[in-house]
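Number of protein chains: 2
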Amino acid sequence: MKAFSRQSINPCIIATQYAVRGKLVLEANEIQKEIEEARKKGKNNPYPFEKVVYCNIGNPQICNQQPLTYPRQIISIVEYPELLNHTTLFPKDVITHAKKIINSLGCTGTSGAYTNSMGVIQFRKSICKFIKHRDGTAPSPDDVFITDGASTGIKMILNMLISHPLHGIMIPIPQYPLYSASISQFGGFQINYFLDESKKWSTDMTSVRKVYEQAVEKGIQVKGFVCINPGNPTGQVLTVQNMKEIIEFCYEKKICLLADEVYQENIYGEIPFTSFRKVLKSMRDEVKNSVELISFFSVSKGFYGECGKRGGYFQIENINSFARSQMYKIASTNLCSNVVGQEMVEIICNPPKEGDESYPKYMNEKMSILNSLKRKAKLLYSVLNECEGISCNEAMGALYLFPKITFPNKYIDECKRKDQKPDELYCLRMLKSIGVCVVPGSGFGQKDNTYHFRIAILPPENEIQNIAVKIKTFHTSFMKDYCH
Amino acid sequence: MKAFSRQSINPCIIATQYAVRGKLVLEANEIQKEIEEARKKGKNNPYPFEKVVYCNIGNPQICNQQPLTYPRQIISIVEYPELLNHTTLFPKDVITHAKKIINSLGCTGTSGAYTNSMGVIQFRKSICKFIKHRDGTAPSPDDVFITDGASTGIKMILNMLISHPLHGIMIPIPQYPLYSASISQFGGFQINYFLDESKKWSTDMTSVRKVYEQAVEKGIQVKGFVCINPGNPTGQVLTVQNMKEIIEFCYEKKICLLADEVYQENIYGEIPFTSFRKVLKSMRDEVKNSVELISFFSVSKGFYGECGKRGGYFQIENINSFARSQMYKIASTNLCSNVVGQEMVEIICNPPKEGDESYPKYMNEKMSILNSLKRKAKLLYSVLNECEGISCNEAMGALYLFPKITFPNKYIDECKRKDQKPDELYCLRMLKSIGVCVVPGSGFGQKDNTYHFRIAILPPENEIQNIAVKIKTFHTSFMKDYCH
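Protein sequence lines correspond, in order, to chains A and B. Quick note: the first sequence uses UniProt numbering, first residue 1, plus one each step. Quick note: the second sequence uses UniProt numbering, first residue 1, plus one each step.
Hints listed in this document are in silico derivations from the structure and should not be mistaken for laboratory results. Since this is a predicted model, take the numbers as computed values, not measurements. Treat the hints loosely; a few may be bogus.
Copies of the same chain look alike in the list, so a pair counts if it fits in one copy or across any two.
As the list claims (entries may be wrong) - Here are the simulated lysine to aspartate or glutamate pairs, EDC-like style, with alpha carbons at most 20 Å apart: (1) LYS92 <-> GLU82; (2) LYS2 <-> GLU357; (3) LYS329 <-> ASP143; (4) LYS254 <-> GLU388; (5) LYS244 <-> GLU463; (6) LYS404 <-> GLU34; (7) LYS43 <-> ASP143; (8) LYS329 <-> GLU37; (9) LYS410 <-> ASP481; (10) LYS2 <-> ASP143; (11) LYS418 <-> GLU37; (12) LYS199 <-> GLU354.
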């Protein structure tokens, strides 16, 4: 038997599922290819739309969101410092910031060298200032690891926690499938707790305690509790009260809290974002000084949306020094995260200040992106709720809506006969009829016999109205087919 | 027990060792810090040298190797396309190439979006052309995965092969410790085969067959065979004959061949680099069409030395489509590798051609780096061989020398009493007396009762003579202490 035969490949890898780039997206790519080939050959477009609109993923810049000028100018200079001789090309603060970054990159000032495995120390210090500004207190730069996006850090931490099929990680349902995929890849046990759709997707502590007890009864050792706030795919923003309950639970059960806070700057509703770190610091001493907390950040989301840079960090609280040295060791087997991504993290955490030459432009770009996201979230929310059989919580944060569809029984029966998942088939039909690519709820997890899809709110404003109308028309026609 | 207590962390992670950034380097960092702090405080330098010279790692740009101008100019433009309006700043071919890259990055032309999880298709096509130029035949872009440096790809492949403590991977001794570290991290079984120091570190097929048989007797299922060519830390370049023997062995035993060829452009001796792919293609049909081969490439080495970019690729041969779809899935859980790194891979594989405006400068930079590396390799080789008790093979390729030291018995006895590894203690003394940081042979593996260290040939030419003299003086004095 060959090493890469189906029977020989690591079964944990085979069992891993990752819907965000899965079946539906591959189908969307095929359709897009067919359309382009037809166009090239002068043939008729086989589909009733001009192009696929990708609403499957939080990838803002593929949807025409423009990169912020300030960080790109700095990175451009750091890549080619010869540009420093052309000072009229750039605002003064850009030049100062670029020089500072160059000076941070060791004696040679180049982005082409491996850095410290945790990331450049001066960059980690900027992150600490950013956190201090957010939380009121600063962590130590020794507790910050810069990573290739948040995903790499999350995987590293899960890999450290899981070494046995009975090691359990609690994840929200619905969840971002990186978690289920990584738990599966490392051969751990996935414990699903439920977010309460009827209460704006808040964390249902009754469900948390119940599934914990069930897991313990099965002999599972529960090691991690994943919380995504603001929520992906659900868009909820947790209240401080809810966060305190979660922290108390982790304290009581000695579980490490993994706080996925990559959408912390995407807030559209009335509840502000509060970091788990800040809430933890406000609690009584024995909790504050005990709960192991790891918070993840990324430059891919927020108003910057620099997904391609693969920049992120995680920051640890109450992790002992032995464990930290193990984290350092594992980070060091990859040598370091990519330096341009590190720079991007630094710049996002250290933006222009009032009075700086770039400040007005930076704020203008930032606010216009955030305001546009807010408008798009509200528009899609309204239109979706107008659809018969669809109900949708508003997006209080993040980049997605996660509407629930109540399918006609006739359709459910048809899916059973065809042995297909109702939400998957629905999304596939939507893709083929109107060219909008969304992800079926089953990719994120959902309560039995409920069906959802995730739609990113990222397409440009001049398209989103059109997309909303198309979805409504598609859905109305779909329902007609099965209800009458 | 807390999740990150010593008893709770994944024991495979704890067992992982990674010397290249290990104990000695941390010590070196401390020393460097002490020197700098003494300087700041106006105190006497506690060490008899001005700064630590890092010869522990293949990190060219930290040793003042300048980045190539051509790729940096292109990346700079792609980051900030506004620069296209200042055409006098850049050579014409740079502008053309930058525009081509921008056009490859989807409709929005930005490096800030996630790409295909395997990397941008046009970049993979450039890689295929590069391989065709090297091997005479082109692979399919569907068989190329762009990765964050070679390390990420290597880890991904090992993770796919290993799912049980009895899954074995054969690695050369000495080896680059990423292999032992990853096998340990994924909980597999490491099978050591030996390179023959007396035969210029060629692969000793007798040893290969012997350790294979021993492993099989223990119930090990051998899945992968790692070959590093040009060698790290040994600097050997394999003959085509030796490579054929290795391929025949993998064919016979149905083992996947992992060819770490990241130093393919670092050649200093008479044996040219030949890729495993090219040799495989020259063999009889049943071998050619059967042996699973994965070749790794990186932008961190060669004459480009862009370590901080974390760019690389792996290219697969004879891997079935199911296995490839699994690779795609795992790659997609990280979404994509960093886009600037992807661009760097593309540019390195698609350099300026004769007649292009940048060609003379590019060739001049390239040749001056490669010639300098060659001179430095020869210089260190000569001086090391002049030392009593040191013998060293020449570096036919890569970026290192791996001299053998025959220690006096008195020293060996002393180490036994102190329960210290002789090579580790020797390297620590070298660091403390002359500030040169090298890595003990035990970090790479070596035959019992032989001792080595790895020294990178990267310090600038104006320093290397001085470093060589210092090492010789240190070694002479060390030997005197124990021999007389």
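Now for the hints, and whether the structure bears them out:
no., hint, in the structure
1, LYS92 <-> GLU82, "both (16 Å within a copy, 17 Å between copies)"
2, LYS2 <-> GLU357, "neither (62 Å within a copy, 49 Å between copies)"
3, LYS329 <-> ASP143, "within (14 Å within a copy, 31 Å between copies)"
4, LYS254 <-> GLU388, "neither (45 Å within a copy, 58 Å between copies)"
5, LYS244 <-> GLU463, "neither (40 Å within a copy, 58 Å between copies)"
6, LYS404 <-> GLU34, "neither (31 Å within a copy, 61 Å between copies)"
7, LYS43 <-> ASP143, "neither (59 Å within a copy, 30 Å between copies)"
8, LYS329 <-> GLU37, "neither (49 Å within a copy, 26 Å between copies)"
9, LYS410 <-> ASP481, "within (10 Å within a copy, 91 Å between copies)"
10, LYS2 <-> ASP143, "between (44 Å within a copy, 18 Å between copies)"
11, LYS418 <-> GLU37, "neither (31 Å within a copy, 72 Å between copies)"
12, LYS199 <-> GLU354, "neither (39 Å within a copy, 67 Å between copies)"
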